[in-house]
Amino acid sequence: MTNVEVSLKTLLTEVEGALGAAVVDYTSGMALGTLGGGKELDLNVAAAGNTDVIRAKMRTMETLGLKAEIEDILITLGTQYHLIRPVSGRTGNGLFIYLVIDKGRSNLAMARHHLKRVEEQLEV
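Start counting the sequence shown at 1; every next residue gets the next number (this note's numbering).
Hint data in this document are derived by calculation from the structure and do not stem from the laboratory.
You can take every hint at face value.
Cβ pair distances, simulated, as ranges:
hint, residue 1, residue 2, range
1, Glu69, Lys39, 33 to 43 Å
2, Lys39, Lys67, 33 to 43 Å
3, Thr63, Glu5, 29 to 39 Å
4, Lys39, Gly89, 32 to 42 Å
5, Met110, Leu77, 10 to 20 Å
6, Asn93, Thr63, 18 to 28 Å
7, Gly38, Met61, 28 to 38 Å
8, Leu66, Asp102, 24 to 34 Å
As the structure is a prediction and not an experimental result, all values here were calculated from the model.
Yeah, the Cβ is synthetic: ideal placement off N, Cα and C, and Gly gets one too.
Go ahead and model the full structure; you've got the sequences and the hints to work with.
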């Protein structure tokens with residue numbers, strides 16, 4: 001099991017083209033930790049905004065009566081992929097990992113694989 005800081009460092013070093021990552025509490029919208037980003041990618045603002053995305057999807061699934069859990073949510077921009085992965089397990093309830101990768105330098109399938117592995121090992 002790994003903590004938030006180690007998990008974020010793992011994502012930024014192992015995912016080619018990673019631009020930033022955060023672990024976020026979607027009940028409050030607050031980031032528990034961020035790494036990367038910069039003036040053009042404010043991860044705290046992104047954390048709060050993506051909280052709305054995950055809440056909306058969960059409400060929609062509930063309204064539709066869908067019992068499956070969200071594996072991840074992908075948002076495709078012109079030059080970036082934004083991945084949102086809810087943390088499963090008893091220690092991660094109410095959390096998600098947010099990862100931003102460069103579309104031209106990254107392999108989306110590998111990024112999702114790394115994100116899943118980090119999510120499974122995260123302990124808060």
